[in-house]
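*Asks:* Position chains B and C against the provided structure of chain A, taking the given hints into account.
Here is how the chains run, residue by residue.
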Amino acid sequence: MNVFARYSDYSSWLLAAEPASRLQARLGGHYRNWLTFRGNTLAMSGLVIVLGLILVALLAPLTGDMNAATHQVLANRLLPPSASHWFGTDELGREIFNRIAYGARVTLVIVTMVALIVLPIGVGIGTAAGYFGGVIDVILMRFTDVFLAFPRLVLALALAAALGPGIENAVIAIGLTAWPPYARTARAETLAIRNADYVLATQLQGASSFRIVSRYIVPLCLPSVIIRLTLDMSGIIITAASLGFLGLGAQPPLPEWGAMIATGRQFLLDQWWVATIPGIAIFFVSLGFNLSGDGLRDAFDPRSVT
Amino acid sequence: MTISVDNVTITFGSPGAEKAAVCNVSFAVEQGEAFGLVGESGSGKTTILRAIAGLPLALEGQILVEGERIERRRSPSMRKRVQMVFQDCFGSLHPNHTVDEILSEPVSIHKMGEQQKRTLSILNEVGLDSRYRFRYPHQLSGGQRQRIAIARALIVEPQILLLDEPTSALDVSIQAEILNLLSCLHARRGLTIIMVSHDLAVVAHTCSRIGVMNRGELIEIASRDNLASGMVQQDYTRELLESDRVLTGGFADQKIRASIARQGLSA
Amino acid sequence: MTSSTLTVENLNVVYPSDHGKVAALRDVSFSLGRERLGVVGESGSGKSTLGRAIMRLLQPPARMSAERMELQGRDLLTLPDREFDRLRGKRMSMIFQDPKYSLNPMMTVGSQIIEAYQAHLRGGRAQAYRAAVDILASVKIHDPEAVMRLYPHQVSGGMGQRVMIAMMLVSAPDLLIADEPTSALDVTVQRSLLTVLDELISERGMSLILISHNIPLVATFCDRILVMYAGRIVETCVASRLSEAKHPYTLGLIAALPNLQLRRDRLPQLQRDPAWLAS
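Chains as they are written, first to last, in the numbering used here: chain A, 1 to 306; chain B, 1 to 267; chain C, 1 to 279.
Isolated chain A (complex conformation) (with noise of 0.2 Å):
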């Protein structure tokens, strides 16, 4: 009964009409957002997916340590799913449910890294380029265009050929190519908010540009390039998972699913499990991602503001 009490006192002092400092109304307005993702079921359920995979993420060692996903057993190798191989075992022994287990937290890397590399960049031209206009406005949207004109796939493979294989290079040559659909959407957002009143006043009072862009605009292209970012991270898992089967990603032994079913390939009529599951695992990641980037995109909405 205590533990229900002291959450409705916390509750009630974040929804309070009239906070009491700066951290309670911060803290009230992202509790009001989490309100109404948390009415949306399916955002819910895609939420539940995304904590799942970094549940999973975490718990690997649980199914055995690294050496686990890489330990070949060559007397255990393609045995289908069984009670005491979960997800059955690959072509060299090595358990499946652990190797998914490891490439949870490889794919979750991936995530993470190109999302720090494509925001900054992204967010970045994009508001100097909607906010100053003008020739700065030209030049970099040109750039950006470059980069747009390139199938992304294709401009990942290029990139990462170059760079050699390996993870980080395929989470760079990733990076690299993901960032201008941000771009375009927060200049984009930048050029609705430049003419703004708000934005006019504090420009009449001499605040200096760096000002402006970081206060008044980047926290309102945020919503819109996170919620990209959301429906976006399925593109780059698969892509990820591309640049894995092709053999240009993770390198073997690394546990990355799409290098899992680039090996599993060739065993798909038989012994199915060594490519689907992987496929599965990525299918429900981005899958989740999908549902709470939609539910995202509902609770930042102002007009469900009241």
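Please keep in mind that the hints were generated in silico from the structure rather than gathered at the bench.
Don't take each hint at face value.
If you want the ones that stay clear, here's a sample from chain B, every Cβ over 10 Å from chain C, calculated [to be verified]: (1) 7; (2) 11; (3) 12; (4) 41; (5) 58; (6) 90; (7) 110; (8) 124; (9) 129; (10) 132; (11) 144; (12) 173; (13) 199; (14) 201; (15) 240; (16) 247.
Among the chain B residues that face chain A by a calculated CB cut under 10 Å, a handful are [said to hold, decoys possible]: (17) 27; (18) 98; (19) 231.
Think about it this way: if two alpha-carbon atoms lie no more than 25 Å apart in a straight line, the pair counts; the simulated SDA-like pairs of lysine to any residue are [unchecked claim]: (20) 19/B <-> 140/B; (21) 100/C <-> 201/C; (22) 19/B <-> 189/C; (23) 140/C <-> 140/B; (24) 19/B <-> 188/C; (25) 80/B <-> 196/A; (26) 90/C <-> 205/C; (27) 19/B <-> 196/A; (28) 111/B <-> 207/A; (29) 100/C <-> 148/C; (30) 140/C <-> 236/B; (31) 90/C <-> 59/C; (32) 246/C <-> 261/C; (33) 21/C <-> 16/A; (34) 140/C <-> 107/C; (35) 111/B <-> 208/A; (36) 140/C <-> 42/B; (37) 117/B <-> 134/A; (38) 111/B <-> 169/B; (39) 111/B <-> 97/B; (40) 90/C <-> 42/C.
Since the structure is predicted, the reported quantities are computational estimates derived from the model, not experimental observations.
Ideal Cβ placement from N, Cα and C applies to all residues, glycine included.
*Replies:* Using the frame of chain A, we list chains B and C on its own:
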């Protein structure tokens, strides 16, 4: 602070296809005076106000504050002296900033210090309780937002206050509160005020002298008494007064006097 | 004794919200003959909701209920949607504040008026065309045939409102509801628009409901006034006798208006009495 607008022409559009929004306008505002600009849409009244506020515009002529030219690059101290309240109180407050952040922003840009003390004091002065301090704009009513916009303009202690249609988006009862607040602040702080509105009655309430603009030109400047009695010189002004009278003709001031008397209020 | 054009009894409109149900209209009852009825109020008073409720334009989650709502004796509440659609536009019409949002930007003015005509009246295209030209002329548009070929964005504010009036009146309805028709317009344009509306309404013997926040305007233009506050009608009076209004809200609103001729240092501020919410 005296303001002097000398032969100002403001054009929009690319070279070769320019349109004059303001055409050779000149007027002067005395220290501590409340000066109004009325006109219909497209008359240029808002444009000239924004030029005085410091918006970068293609401007010929000059605008002087206490003899100092301000239409070119402005010093920070000049920016502090001239502050503006915008028309759309919702659009002039950043949706993601609390009232506290909105008010501390100009203080920190001008490096004035004592943010908390100034914030609480200005909130009090515009008639808002300190418990509104950490609310977001969408959690405030229209009248409250306009008070915040006024507070933001006054927190840096300007000498000149520019108001762009400050009450046109507000209900009648809230408009009365805001107009009373402005009169009070005008008197207490000795501000020089320029107010722009399309509503003659609103401008005449606050301002003692009113300039009438049409299609970028300043048609005439009349005192509020002359406007009230119809003693004006230009035909356009007469037409404006006439339209105003026709639209509200059945509603002469006797009705207001009568209703005030019935309510037992003093005029 | 004119028969009633519109009779409304105990109209209620409720919206669900985070804080429970919000009543946008509470037990609103009035009847309208061949006259001009003004509905005034501030934001949140429910005046716009009233217009939309009568025209069945409210969308879920708004829920409307009434004891009685009749147009010329015909029950509006139980009328099925399809029949109501025929009624709406033909017997009763509505004009809105901003023609920018009510006129289809992709169609010429002429084709929209013709479409309105053909939706409600029988007649070939030639007949519809003539009717459209006639109605544009009657709203004092010079060179109606040229205006017929224009698109909404080529037509200025005042003319756009006239076009909207033309479109809504081409089928000769008996009741016109105007929701803030002149609020977005300049004073001189307002005046000419209202003159046009005045003539049309008088000529055709129509009933008008004029919804506005502008009390002096409504007092000048209408025969009777309803004052709304928090979803209720708090006062009904004859427009010319508005100064004899009884409800303190009405009196307070009138007193709070700045007036060119009446010089006051301070405008009387409306003191809201919670008792007004419970009448």
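*Asks:* Please go over all the hints and tell whether each is borne out by the structure.
*Replies:* We went through each hint and held it up to the structure:
No beta-carbon of chain C is positioned within 10 Å of the beta-carbon of residue 7/B; the least distance is around 27 Å. Interface exclusion of residue 11/B from chain C stands, the closest Cβ pair being 22 Å apart, more than 10 Å. At roughly 18 Å, the least C-beta separation between residue 12/B and chain C is larger than 10 Å, which holds for a residue marked as non-interface. Some Cβ of chain C comes within 10 Å of the Cβ of residue 41/B; the nearest lies about 6 Å off, and the non-interface call is violated.
With 10 Å as the threshold on Cβ separation, the claim that residue 58/B sits away from chain C holds: the shortest Cβ distance comes to roughly 25 Å. For residue 90/B, the shortest C-beta to C-beta distance to chain C comes to about 13 Å, beyond the 10 Å cut-off, and the non-interface label holds. The beta carbon of residue 110/B is kept farther than 10 Å from every beta carbon of chain C, the shortest such distance being approximately 32 Å. Every beta carbon of chain C lies more than 10 Å from that of residue 124/B, the smallest distance being close to 18 Å; the non-interface claim holds.
With 10 Å as the threshold on Cβ separation, the claim that residue 129/B sits away from chain C holds: the shortest Cβ distance comes to roughly 17 Å. For residue 132/B, the shortest C-beta to C-beta distance to chain C comes to about 19 Å, beyond the 10 Å cut-off, and the non-interface label holds. Once the 10 Å rule is applied to beta carbons, residue 144/B is consistent with being away from chain C; the minimum gap is 14 Å. Not every CB of chain C is more than 10 Å from the CB of residue 173/B (nearest about 4 Å), against its label as outside the interface.
Against chain C, the non-interface label of residue 199/B is violated: not every CB pair exceeds 10 Å, the least being about 8 Å. With a minimum CB-CB distance of about 4 Å to chain C, residue 201/B fails to clear the 10 Å threshold, and the non-interface call is violated. Separation of residue 240/B from chain C is inadequate, the least Cβ-Cβ distance of about 7 Å not exceeding the 10 Å criterion. At the 10 Å boundary, the C-beta of residue 247/B falls inside the reach of chain C, the nearest C-beta of that chain being 6 Å off.
For residue 27/B, the shortest C-beta to C-beta distance to chain A is roughly 21 Å, which exceeds 10 Å, and the interface hint is violated. A hinted interface residue such as residue 98/B counts as satisfied when its beta carbon comes closer than 10 Å to some beta carbon of chain A; here the least separation is about 5 Å, so the hint holds. Against a cut-off of 10 Å between C-beta atoms, the interface hint on residue 231/B is violated, since the closest Cβ of chain A lies about 37 Å away. Between residue 19/B and residue 140/B the alpha-carbon distance is near 39 Å, which puts this suggested pair outside the 25 Å criterion.
Taking the CA atoms of residue 100/C and residue 201/C, the gap is about 24 Å. The hint holds against a cut of 25 Å. Distance restraint check for residue 19/B and residue 189/C: the Cα-Cα separation of roughly 23 Å lies within the 25 Å cut-off, and the hinted pair is therefore satisfied. This hinted pair does not check out: residue 140/C and residue 140/B have alpha carbons roughly 44 Å apart, beyond 25 Å. Pair hint residue 19/B plus residue 188/C holds up; C-alpha atoms about 23 Å apart against a cutoff of 25 Å.
Restraint check for residue 80/B and residue 196/A: satisfied, since their Cα atoms lie roughly 21 Å apart, inside the 25 Å limit. Pair hint residue 90/C plus residue 205/C holds up; C-alpha atoms about 15 Å apart against a cutoff of 25 Å. Proximity of residue 19/B to residue 196/A is assessed by CA-CA distance (about 23 Å); at most 25 Å being required, the pair is judged to hold. Pair hint residue 111/B plus residue 207/A holds up; C-alpha atoms about 11 Å apart against a cutoff of 25 Å.
Between residue 100/C and residue 148/C the alpha-carbon distance is near 16 Å, which keeps this suggested pair within the 25 Å criterion. For a cut-off of 25 Å, the pair hint linking residue 140/C to residue 236/B stands: about 22 Å separates their Cα positions. Note on residue 90/C and residue 59/C: the hinted pairing holds, with a Cα-Cα distance of about 21 Å set against a maximum of 25 Å. Between residue 246/C and residue 261/C the CA atoms are separated by roughly 24 Å; this keeps the pair inside 25 Å, and the hint holds.
With a CA separation close to 20 Å, the supplied pair residue 21/C and residue 16/A stays within the 25 Å bound. A threshold of 25 Å between alpha carbons decides the hint, and for residue 140/C with residue 107/C the separation of about 22 Å falls inside it, so the pair holds. As the CA atoms of residue 111/B and residue 208/A are separated by approximately 13 Å, the hinted pair is consistent with the 25 Å bound. Only pairs whose Cα atoms come within 25 Å are accepted, and residue 140/C paired with residue 42/B is accepted, the gap being roughly 23 Å.
About 41 Å separates the Cα atoms of residue 117/B and residue 134/A, which puts this hinted pair outside 25 Å; it is violated. Restraint check for residue 111/B and residue 169/B: the C-alpha separation of about 33 Å exceeds 25 Å, so the hint is violated. Of the supplied pair hints, the one linking residue 111/B and residue 97/B holds, its CA atoms being roughly 19 Å apart against a limit of 25 Å. Proposed proximity of residue 90/C and residue 42/C is contradicted: the alpha carbons are some 30 Å apart, above 25 Å.
Checked against the numbered hints given earlier, the structure breaks hints 4, 12, 13, 14, 15, 16, 17, 19, 20, 23, 37, 38, 40 and satisfies all the rest.
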